[in-house]
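**Student:** Dock chain H against chain R, hints included.
2 protein chains.
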Amino acid sequence: MRKCKIGIIGFGTVGKGVYRILKSKNDIHPILKDIEIVGIAVKNINKKRDIELENNLLINDPYKLIDDPNVDVIVEVIGGTDIAKDIILKSLRARKSVVTANKAVIARYGSEIYSEAAKYGVFVLTEAAVCGGIPIIEPLKRSLKSNQINKMVGIINGTTNFILTKMTNEKADYKETLKLAQKLGFAEFDPTADVEGHDTADKISILTELAFGGAVNRDSITTEGIEKINIKDIEYANKLGFEIKLLAFSERNHVNKEESLSLNIWVAPCLIPKSHPLSKVDGVNNAILIEASPLGEIMLYGPGAGSGPTAASVVSDILNLYASLSKNISSIDPLLAFNYWRDCHIIDFNQISKKNYLRIICSDTPGVIGKIGDLFGKNDVSIESIVQLDASKNKAEIVVITHEVSNGKFEKSKKEINRLSEVELIASQLSCI
Amino acid sequence: MRKCKIGIIGFGTVGKGVYRILKSKNDIHPILKDIEIVGIAVKNINKKRDIELENNLLINDPYKLIDDPNVDVIVEVIGGTDIAKDIILKSLRARKSVVTANKAVIARYGSEIYSEAAKYGVFVLTEAAVCGGIPIIEPLKRSLKSNQINKMVGIINGTTNFILTKMTNEKADYKETLKLAQKLGFAEFDPTADVEGHDTADKISILTELAFGGAVNRDSITTEGIEKINIKDIEYANKLGFEIKLLAFSERNHVNKEESLSLNIWVAPCLIPKSHPLSKVDGVNNAILIEASPLGEIMLYGPGAGSGPTAASVVSDILNLYASLSKNISSIDPLLAFNYWRDCHIIDFNQISKKNYLRIICSDTPGVIGKIGDLFGKNDVSIESIVQLDASKNKAEIVVITHEVSNGKFEKSKKEINRLSEVELIASQLSCI
Numbered sequence: 038m039r040k041c042k043i044g045i046i047g048f049g050t051v052g053k054g055v056y057r058i059l060k061s062k063n064d065i066h067p068i069l070k071d072i073e074i075v076g077i078a079v080k081n082i083n084k085k086r087d088i089e090l091e092n093n094l095l096i097n098d099p100y101k102l103i104d105d106p107n108v109d110v111i112v113e114v115i116g117g118t119d120i121a122k123d124i125i126l127k128s129l130r131a132r133k134s135v136v137t138a139n140k141a142v143i144a145r146y147g148s149e150i151y152s153e154a155a156k157y158g159v160f161v162l163t164e165a166a167v168c169g170g171i172p173i174i175e176p177l178k179r180s181l182k183s184n185q186i187n188k189m190v191g192i193i194n195g196t197t198n199f200i201l202t203k204m205t206n207e208k209a210d211y212k213e214t215l216k217l218a219q220k221l222g223f224a225e226f227d228p229t230a231d232v233e234g235h236d237t238a239d240k241i242s243i244l245t246e247l248a249f250g251g252a253v254n255r256d257s258i259t260t261e262g263i264e265k266i267n268i269k270d271i272e273y274a275n276k277l278g279f280e281i282k283l284l285a286f287s288e289r290n291h292v293n294k295e296e297s298l299s300l301n302i303w304v305a306p307c308l309i310p311k312s313h314p315l316s317k318v319d320g321v322n323n324a325i326l327i328e329a330s331p332l333g334e335i336m337l338y339g340p341g342a343g344s345g346p347t348a349a350s351v352v353s354d355i356l357n358l359y360a361s362l363s364k365n366i367s368s369i370d371p372l373l374a375f376n377y378w379r380d381c382h383i384i385d386f387n388q389i390s391k392k393n394y395l396r397i398i399c400s401d402t403p404g405v406i407g408k409i410g411d412l413f414g415k416n417d418v419s420i421e422s423i424v425q426l427d428a429s430k431n432k433a434e435i436v437v438i439t440h441e442v443s444n445g446k447f448e449k450s451k452k453e454i455n456r457l458s459e460v461e462l463i464a465s466q467l468s469c470i
Numbered sequence: 038m039r040k041c042k043i044g045i046i047g048f049g050t051v052g053k054g055v056y057r058i059l060k061s062k063n064d065i066h067p068i069l070k071d072i073e074i075v076g077i078a079v080k081n082i083n084k085k086r087d088i089e090l091e092n093n094l095l096i097n098d099p100y101k102l103i104d105d106p107n108v109d110v111i112v113e114v115i116g117g118t119d120i121a122k123d124i125i126l127k128s129l130r131a132r133k134s135v136v137t138a139n140k141a142v143i144a145r146y147g148s149e150i151y152s153e154a155a156k157y158g159v160f161v162l163t164e165a166a167v168c169g170g171i172p173i174i175e176p177l178k179r180s181l182k183s184n185q186i187n188k189m190v191g192i193i194n195g196t197t198n199f200i201l202t203k204m205t206n207e208k209a210d211y212k213e214t215l216k217l218a219q220k221l222g223f224a225e226f227d228p229t230a231d232v233e234g235h236d237t238a239d240k241i242s243i244l245t246e247l248a249f250g251g252a253v254n255r256d257s258i259t260t261e262g263i264e265k266i267n268i269k270d271i272e273y274a275n276k277l278g279f280e281i282k283l284l285a286f287s288e289r290n291h292v293n294k295e296e297s298l299s300l301n302i303w304v305a306p307c308l309i310p311k312s313h314p315l316s317k318v319d320g321v322n323n324a325i326l327i328e329a330s331p332l333g334e335i336m337l338y339g340p341g342a343g344s345g346p347t348a349a350s351v352v353s354d355i356l357n358l359y360a361s362l363s364k365n366i367s368s369i370d371p372l373l374a375f376n377y378w379r380d381c382h383i384i385d386f387n388q389i390s391k392k393n394y395l396r397i398i399c400s401d402t403p404g405v406i407g408k409i410g411d412l413f414g415k416n417d418v419s420i421e422s423i424v425q426l427d428a429s430k431n432k433a434e435i436v437v438i439t440h441e442v443s444n445g446k447f448e449k450s451k452k453e454i455n456r457l458s459e460v461e462l463i464a465s466q467l468s469c470i
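In order, the protein sequence lines correspond to chains R and H.
With the first sequence counted from 1, adding 37 to any position gets you my numbering.
With the second sequence counted from 1, adding 37 to any position gets you my numbering.
A few of these clues could be false.
Which copy is meant is left open, so a pair is good if it fits within one copy or across any two.
Below 27 Å or equal to it, Euclidean Cα-Cα: the simulated DSS-like pairs (lysine-lysine) are [claimed, not checked]:
#1 K276 - K432
#2 K432 - K408
#3 K62 - K188
#4 K311 - K265
#5 K156 - K40
#6 K208 - K311
None of these hints come from the bench; they were simulated from the model.
The following block holds chain R by itself, in its conformation from the complex (with noise of 0.2 Å):
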């Protein structure tokens, strides 16, 4: 077999990982060795680096790598998405397979760069996109396509992950952890994207696609951030027998008469029993649940980023298409290629149906509890338990966690518990599994 001959474009954390794995002494298969960086695309050439590099790889200019007919892989780990994006199909359009760690891109852009990919019989593959080092692109691909995905639930981000986490075990604040964790390099500068759930929405929109077959509009994705998370509601989950985790989740819901697939996604911080195998997962870990049939539930763990992790995703997808690099389009690798299968469609913000939990600072006068009660089963709002959990000058608090709802009747019951004399603020919501 002749080399696999790779342009880089971004040196970042992802960018010098791969480098490091591609020139490390480590005891490796032997087909790494097959694989040449021919360049790597950079803004500065000339900026200090904390990596020492064989003479002339850097190049200012990103198209040259993929102008070049001796490139047969473009890297892009760039990050971010208009320039991305445009790198990405110009390879794709020159014939050159993809590997990315963008997440952005792919979860807006999926349909677009998977039909061009496919139109000019190269790959774009993933799965460094999605949860750093854990397999889980390539499974959902091959290993599991046997069977037929029913519901995938995940902790998926870990900068969220580690400041819950901290949150919990030392009860410390939101916005104190959170400043923690960008001096650690847990979370970045600017945090938005994390701490909001749009990095989780982009990841599990990814995740649902090539599960369930359908292109899915990203931008309709129920997301929940962290933000609000106030410490008191973590230690009222704590109590009752919960940990809070940002969650991902997505699951087939029915075929309606077009034949679309109709998929409950949602992102959202959530409680989850302490016997629950996610409620587990600490720090900058991630994991992911996959109910299937007829396999049955598995879970798949490990470290959700990090330059080590993520780059090692970023090389066995190289080694992939390396190891299935042919230049007849007619014999392109259908599971490896991915393209849609079917159409998908997000259910209604309205119809997604889940537990519910919801702590109430209301006055301390009796029958409270009786009302709320009978606010929600007014609504068909079944609830689980219902408890007053701290009384101070005159207020109470309370905790609801309801059954199953859908957010329909759930919405409609918060709003006339709010219109309550005796309430006087809801001061938190949180979904449960």
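**Tutor:** What follows is chain H alone, placed relative to chain R:
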């Protein structure tokens, strides 16, 4: 793409599961519809079966399927070793790829089988041979190939894990629990391969070859089963903060002068701290921890056996073959194919180094603990804890947990302790992680 035509040899639990998936009304990837069963070879065509079959699929002679030019892939699910080996080798020589769930054959004759497959330019895929429905073979072949694998520890036999879980939760006796497991179908009529650890050794042998790249001499894997585990040991372990599980362990040691990688491999019942993720793996579930550079630690968890999960792995292998099927020998996918890329050897029993648990029955006289401690010290065995746990009728039970120590030093100490006049019996010995 033309259809993928398969011949199934054997129609027990797994074979029927494969048939059910291929005929299922589940909402699965359309590529599954391209798999066509040409025939199913069984011993007795007229036997009554709990499954309705399409006409004329059953045949008597497996070799007819192997010789049939219409058949692309042979699915070997008869089990056993001799006939199965012959069927696999003859299929490869007929240039047919093979999918097998047969861990015993692959663990014993992998060398011969892999090299025969390479010679004829076809594949032998074995996802179903280890850990039922958990994707573990594919990740080791592909997604993790960018890493140096350092260590694998796993619970990879469902039968023994079911028995140990039951013994732990219900304080039940070993023999009774085994009978129950047989009644429930979780243990075979002849449970030897499972309870004596041979099945676990077969599986860790296969995983080791894939992870470290060299052929392993299956017969030199130090193997202990669960037959001698006493309910008392489970109780004591629990008291001290451990669960007892049958573990498979495989670790890279070092490369010796002759460039052969030395491996530390064993199968043994083992005390696992309750905080360890493997301690939570109960019932017929399996899980495997893989420690790799630069990846870090991942865990794959799921159903380790059963018709559905195992058949799902068989079918995913068929899909894999179908997706990369090529008559061109020179372009065979080297990752999917797998072949050895180095030499390995298993270190000698006396060199294996691990923590140990020892339960000693002795006379309840002052100074015994001191004498035992001295003997260990003299032999350079460092002790983590030594506890007197039960005393009655002038007898005492002493439990010792050592730090990591070579089997050689430990066995020498054991002999000397056994010679102490106060020591009546070394009642049991287990490993620890």
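**Student:** Now tell me if each hint is right for this structure.
**Tutor:** For each hint, the structure was consulted:
Taking the shortest Cα distances, K276 and K432 sit within 27 Å of each other inside one copy (20 Å), while across copies they are farther apart (45 Å). For the identical chains of this complex, K432 and K408 are intra-copy neighbours only, at 16 Å inside a copy versus 65 Å across copies, given an alpha-carbon limit of 27 Å. Taking the shortest alpha-carbon separations for K62 and K188, only the inter-copy value of 18 Å comes in at or below 27 Å, while the best intra-copy value is 41 Å. Only within a single protomer do K311 and K265 lie at most 27 Å apart by alpha-carbon distance; the minimum there is 22 Å, versus 34 Å between protomers.
Both within a single protomer and between protomers do K156 and K40 lie at most 27 Å apart by alpha-carbon distance, with minima of 25 Å and 23 Å respectively. Taking identical chains as interchangeable, the C-alpha atoms of K208 and K311 lie at most 27 Å apart whether they share a chain (18 Å) or sit on different chains (24 Å).
This entry satisfies every hint, going by the numbered hints stated previously.
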